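Asks: The lines below spell out each chain.
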Amino acid sequence: MQRIGVFVCHCGTNIAATVDVKKVVEMAKMEPGVVHAEDYQYMCSEAGQSKIINAIKEKHLTGVVVCSCSPRMHEATFRKAAEKAGLNPYMVEIANIREHCSWIHKDMEEATKKAVILARAAIAKVNLDAPLQPGESQVTKRALVIGGGIAGIQSALDIADAGYEVDIVEKLPSIGGRMSQLDKTFPTLDCSACILTPKMVEAAAHEKINIYTYSEVEKVSGFVGDFTVDIRKKARSVDMSKCTGCGVCSQKCPSKKIPNEFNRGLNNRSAIYIPFAQAIPNVPVIDRENCIKFKTGKCGACAKNCAAGAIDYEQQDEIVTKKYGAIVVATGFDVIKLDQYDEYAYSQSKDVITSLELERLMNAAGPTKGHLERLSDGKAPKNIVFVQCVGSRCSDNRGKSYCSKICCMYTAKHAMLIRDKYPDTNVTVFYIDVRTPGKNFDEFYRRAVEEYGVNYIKGQVGKVIPQPDGTLMVQASDLLDNKQILMEADMVVLAAAIEPNKDVRKIATMLTASIDTNNFLTEAHAKLRPVESPTAGIFLSGVCQGPKDIPETVAQAGAAAVKAIGLLAKDKLTTNPCTAKADPLACNGCSQCMNVCPYGAISYEDVQVNDHGVRETRRVAVVNNALCQGCGACTVTCPSGAMDLQGFSNRQIIAEVDAICR
Amino acid sequence: MKYSYYPGCTLKNKAKDLDTYARASAKALGFELEEIEDWQCCGGVYPLGSDEIATKLSSVRALEQAREKGQDLVTVCSACHHVIKRVNDDMQNVEDIRTRANNYLKFETPYAGETTVLHYLEVLRDRVGFDKIKEKVVNPLKGRKIGAYYGCLLLRPGKILGFDNPENPSIIEDFIRAIGGEPVIYPFRNECCGGYISLKEKDMAQNMCKKIMDSAEGFGAEMLITACPLCMYNLKKNGNGKLPVYYFTELLAEALGVKEEVAE
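Chains as they are written, first to last, in my numbering: chain A, 358 to 1019; chain B, 2 to 265.
It is worth saying that the hints were derived from the structure and are not from the lab.
Given the structure is predicted, the values throughout are model-derived calculations rather than measurements.
C-beta atoms are modelled at their ideal positions from N, C-alpha and C, and glycine is treated no differently.
Keep in mind that the hints are not guaranteed to be accurate.
Unchecked claim - Just a sample of chain A residues kept apart from chain B, beta carbon distances all over 10 Å, derived:
(1) VAL392
(2) HIS393
(3) LEU623
(4) ALA665
(5) ARG731
(6) ASN754
(7) TYR809
(8) PRO825
(9) GLY957
Said to hold, decoys possible - Residues on chain A that point at chain B, a partial pick, calculated with CB under 10 Å:
(10) ASP696
(11) ASP699
(12) TYR701
(13) ILE814
(14) GLN817
(15) LYS820
(16) ASP826
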């Protein structure tokens, strides 16, 4: 029989205002095995933990139940306290009477009843608990960063500077990401390339950083500290060791009508191309779908003109398999497609563009060499209208429910830059709210209004109307003036919502990292663990976790790096002892558990068994504790009840259910 | 192929053309419109009051009749289509309305939105096929620059009406191509004509119709076509008077060579 102590936390008023904690204590005392029960205002505090430690020592407790918040919050805290008192930490169970009870109920009587039941279930479980010993696993001292934008580059640099090896995997031919497409950056208006390119160069030159561009993560196995990752290096069709980056191949390529992704399709590129002048590596790739040689077998102009002999049409995709201790996800974002927003005439008029397209139009290295002109006729626009929140803060299902966070600031930047460079251009911004919570952000926006005379109108645009003469009319409402507006424009710029990169779902699945309904990766705790995924060893960097601007992205990238470094600095990790275990006497060798195991932790071996005096060799399931994550899939699959999860045994679960139903 | 057909009141008097040409064209295209018995007025406007069922009952009766025959229900008038399709959506998805309507009507089997509601244009596009229509056209409307006027009711709310993009539709333009004409795309083709406001504030309706017709004319349209009797009324009475307005079914009948038959 166990000697169990029950500790009921008030959590200030979080629990005590809805649950009669004294009553829970009284009821717990009547449960079998309970020799001690008490309540306290904050059980997680130093004083609260001392109460647990003292009771363990004085009453010789063999098991502890803490009725408090979610185990995700403080299970580790209470286990540590128990360990201090000499108790096996796995003899501690949490009854979650906050998230599962007090926070979601109003009626005190009902909530108290439920809290008592939850406590009873935990007590029943502890009665069947057995001490468990965690194992150890090795840490591979190398990190993988998925995505080579500013977030990935910053995380990689920080990890590498701490002395660990880092690989960056970038699916495009160059690192640089979205930031490389931007013109100027708010709120200081320094040029994006000028602050990004040195970081790209630093990453490329860093002795601890290895960059795989034009590559994708194909398969991930293993667990924290010991991931095994297959990386597909897509065939560039160019030998990186021979290429000098001279660019003659692109000039000679006859297939030149391919929309240039880097310039958002505003101009064309050739089939063999370097995405932009500062690309790293400065080596072209052949876009095989559009290459005449690959399509028809004829051509070969690039190979003929390459002095270095670097063109290699025979090159194949290559799979590199490497081990990593930590993985940082930095997969970034894209702007949403606007096919749900045809009222803004984006698909009908060339002069309706997105803000990211405007970045390319204003960029000196862009398709117009930085001259702001209408795409329809090349004329300078005189009346520009900006529309905010296109697809952001959307209450129907056309767009995104969230605020994209960066649009207010980049629109203020665009408006200011245009008024500065072309003072005779009228600039109007339609907004729902102007949101500028950042250092020097509101001052920046005020400058746009007060110094640069940008016309801000609170109200939404209902329709952009292309006119027969090629100009546009903008129909909108002015909420402060309470009137309808119909205004002329010759260019309309849409602040399209941002969304996580399309590939993030695939990557999250491979990593078993959770994502939310908007495809943003979920953090382990919204406030206290914002850069970690709930999946151990996976860290989040940049917009893949939620909308953010460059300063925030860089800060988060650094934070993710620190968490990864903290992991890599350890030589060994303690492993969770709550793993599956097969009873060789009950196992019938059917292999069903092996088939459902998502971690490949189960194999079959011939084992000598002694079945009630009968000695024989049987083929039975064996669990590799280092690989098992304790998910329990095998235990529910096993038809003969031979599989059990330590710490969550079938008997314990049934005992809990019995206690609840009693 | 036989469809249950709900013509609606306006198609029996003011908008006879919309109806007769639709029937004649259907015959020429090889499908039959079987008018449901004892249909009643749809009410003309979808009742937005969620506690109001009386004005939804006539739609439910029509829908239930089609179900009993095992047929899809076809409408031509934009307003009728709008009302019936939205009521059908209520019967599928709003438990309260479904229960109360069924309690009132007492069908043998309660109605729960089983009938498929199709606009005549949908039948042309999805059941007959515009390619097929092209083959059957005997008088292609060559060189005619036609502006499609969708109005507001035909496609909205997009999620329920659900057969084209309400902000950038293409079904009538594709129809115009199928009958040999040249569609003119202009931005006001899905704006409201003013509807019933014409009775109360004529100026406003005039302003709205003028905007629509000026825009269509500016983009080179020589005529407008519509599926809505009320749009037809407003564009003719309150428009700029420069563009003729036809029901789409009239041009279809003309292209199929059955217009004269109807006139006789």
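Asks: Each hint: holds or not?
Replies: Verification of the supplied hints:
1. VAL392: At about 53 Å from chain B, VAL392 of chain A clears the 10 Å cut-off, so the statement holds.
2. HIS393: Correct as stated: the minimum Cβ-Cβ distance to chain B is 52 Å, above 10 Å.
3. LEU623: 22 Å, holds
4. ALA665: Per Cβ check, ALA665 of chain A is outside 10 Å of chain B; nearest 49 Å; holds.
5. ARG731: 18 Å, holds
6. ASN754: Nearest chain B Cβ is 8 Å from ASN754 of chain A, so the label is violated.
7. TYR809: About 31 Å separates TYR809 of chain A from the closest Cβ of chain B, which puts it past 10 Å; holds.
8. PRO825: 4 Å, violated
9. GLY957: Its Cβ never comes within 10 Å of chain B, the nearest being 44 Å, so this holds.
10. ASP696: 8 Å, holds
11. ASP699: Where the cut-off is 10 Å and the nearest Cβ of chain B is about 3 Å from ASP699 of chain A, the hint holds.
12. TYR701: 9 Å, holds
13. ILE814: 21 Å, violated
14. GLN817: Hint violated; GLN817 of chain A Cβ to chain B Cβ min 14 Å, cut 10 Å.
15. LYS820: Holds - the Cβ of LYS820 of chain A comes within 10 Å of chain B, reaching about 7 Å at its closest.
16. ASP826: 8 Å, holds
Checked against the numbered hints above, the structure violates hints 6, 8, 13 and 14; every other hint is satisfied.
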